[in-house]
Amino acid sequence: MEQPNLSYINTLSGGDKAFETKLIGIIKQEYPEERDVYFKNFKAKNYKLAAENVHKLKHKINILGLNESYKVAEKYEHNLIDNITEGKDDFANILQAITNFLNGL
Amino acid sequence: MNCIIIDDEQTARAIIAQLCTNFSSLNVVEEFPNAIQAIKYLNQNTVDLIFLDIHMPDFTGFDFIQTLKNPPNIILTTSDPKFAIEAFEYNCIVDYLVKPVEIQRFNKAVLKAQARQKQVDKQDKLISETEKEERISEKDLYVNIDRRLIKIDMPSIYLIEAKGDYINIKTENKNYTVHSTLKKIEEKLPTDTFLKVHRSYVINVKKIIDIEDNSVLIKKDVIPVSRSNRPELMKRLNLL
Numbered sequence: 001m002e003q004p005n006l007s008y009i010n011t012l013s014g015g016d017k018a019f020e021t022k023l024i025g026i027i028k029q030e031y032p033e034e035r036d037v038y039f040k041n042f043k044a045k046n047y048k049l050a051a052e053n054v055h056k057l058k059h060k061i062n063i064l065g066l067n068e069s070y071k072v073a074e075k076y077e078h079n080l081i082d083n084i085t086e087g088k089d090d091f092a093n094i095l096q097a098i099t100n101f102l103n104g105l
Numbered sequence: 001m002n003c004i005i006i007d008d009e010q011t012a013r014a015i016i017a018q019l020c021t022n023f024s025s026l027n028v029v030e031e032f033p034n035a036i037q038a039i040k041y042l043n044q045n046t047v048d049l050i051f052l053d054i055h056m057p058d059f060t061g062f063d064f065i066q067t068l069k070n071p072p073n074i075i076l077t078t079s080d081p082k083f084a085i086e087a088f089e090y091n092c093i094v095d096y097l098v099k100p101v102e103i104q105r106f107n108k109a110v111l112k113a114q115a116r117q118k119q120v121d122k123q124d125k126l127i128s129e130t131e132k133e134e135r136i137s138e139k140d141l142y143v144n145i146d147r148r149l150i151k152i153d154m155p156s157i158y159l160i161e162a163k164g165d166y167i168n169i170k171t172e173n174k175n176y177t178v179h180s181t182l183k184k185i186e187e188k189l190p191t192d193t194f195l196k197v198h199r200s201y202v203i204n205v206k207k208i209i210d211i212e213d214n215s216v217l218i219k220k221d222v223i224p225v226s227r228s229n230r231p232e233l234m235k236r237l238n239l240l
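Chains as they are written, first to last, in UniProt numbering: chain G, 1 to 105; chain W, 1 to 240.
Everything labelled a hint here was simulated from the structure, so no lab data went into it. Just so you know, even glycine gets a beta-carbon here, dropped at the ideal spot from N, CA and C. Among the clues, some could well be false.
Stated by the list, open to error - Pairs of lysine-lysine residues, derived as PhoX-like cross-links and limited to a Cα-Cα distance of at most 25 Å, are as follows: (1) G:K88 / W:K163; (2) W:K235 / W:K207; (3) W:K82 / G:K48; (4) W:K139 / W:K82; (5) W:K82 / G:K75; (6) W:K183 / W:K125; (7) W:K139 / W:K112; (8) G:K71 / W:K219; (9) W:K235 / W:K174; (10) W:K118 / W:K139; (11) G:K22 / G:K48; (12) W:K112 / W:K163.
As the list claims (entries may be wrong) - Not the full set, but computed from the structure, chain W residues with beta-carbon under 7 Å of chain G: (13) Q10; (14) A14; (15) N43; (16) S79; (17) K99; (18) P100; (19) Q114.
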């Protein structure tokens, strides 16, 4: 499975360490909240809302260089809109990979 | 260019704000996590450019645009390329950036916005100059008295009366006797304000104090109204 990386953030910062620290701080704060809301909505079978949560999480997936995972998330988002939960495990794995990565920063 | 960023995701706002630092001409004045807060801000302030996320809960980017009477330039930021077609329906949308926003693509969008802003500024300047010129020409009337062209402020004129080969122009402050005819001066006066009520009198309708059957009182002058001109005068009045 592909692993998250800081390639995009490094390019964006142009070597500005203060910005890198700031952005990673924002992601570390925002990501767990978005992830938890997703799991809460999924558990409550509010799939439309869960799809919205996936949509928002897709940006973080992209920022952390997970291009293949992004495609998986996109497909899963559309499934949820149609009340189909296929892809939930793959998506949960992506979320876990991000959680591990952010915890290690 | 003063700009604001509207996005429910703090990470996205931070990225756009960082990208804006590449342009000394861009000044991020505010950031908003939702469209409602931005609308409140824009009710009190104006900006030149908005970076706007489309996919926001409750109030989408497109809903937001529709609330703006005179939207400034807008650069859309979104994870959904599918909205691009809808974006073309709005003249104010300069460009459409797909997240995560790439630096080169962002720079291109800002340059487009700046070019459009310059064009708008140029047009505004031209319009304001034209309006200024029109206002000057509409408000002022120059009359030849003793080989001097004297400027008269038209709204201050309340009465013009014919006196043989001359006309007497009465204003709030002064009267002017000019070698001319009522017909000639009538052509120079705004028709919505001035009306010929008698073959010898043109009045400023806005200065009327009262009207009797066949006369109007303007200042201290009682002016006859001919039967043929009375219907037009009555038409101009806001009658209860």
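So which of the earlier hints does this model not fit? 1, 4, 6, 7, 8, 9, 10, 11, 12, 15, 19
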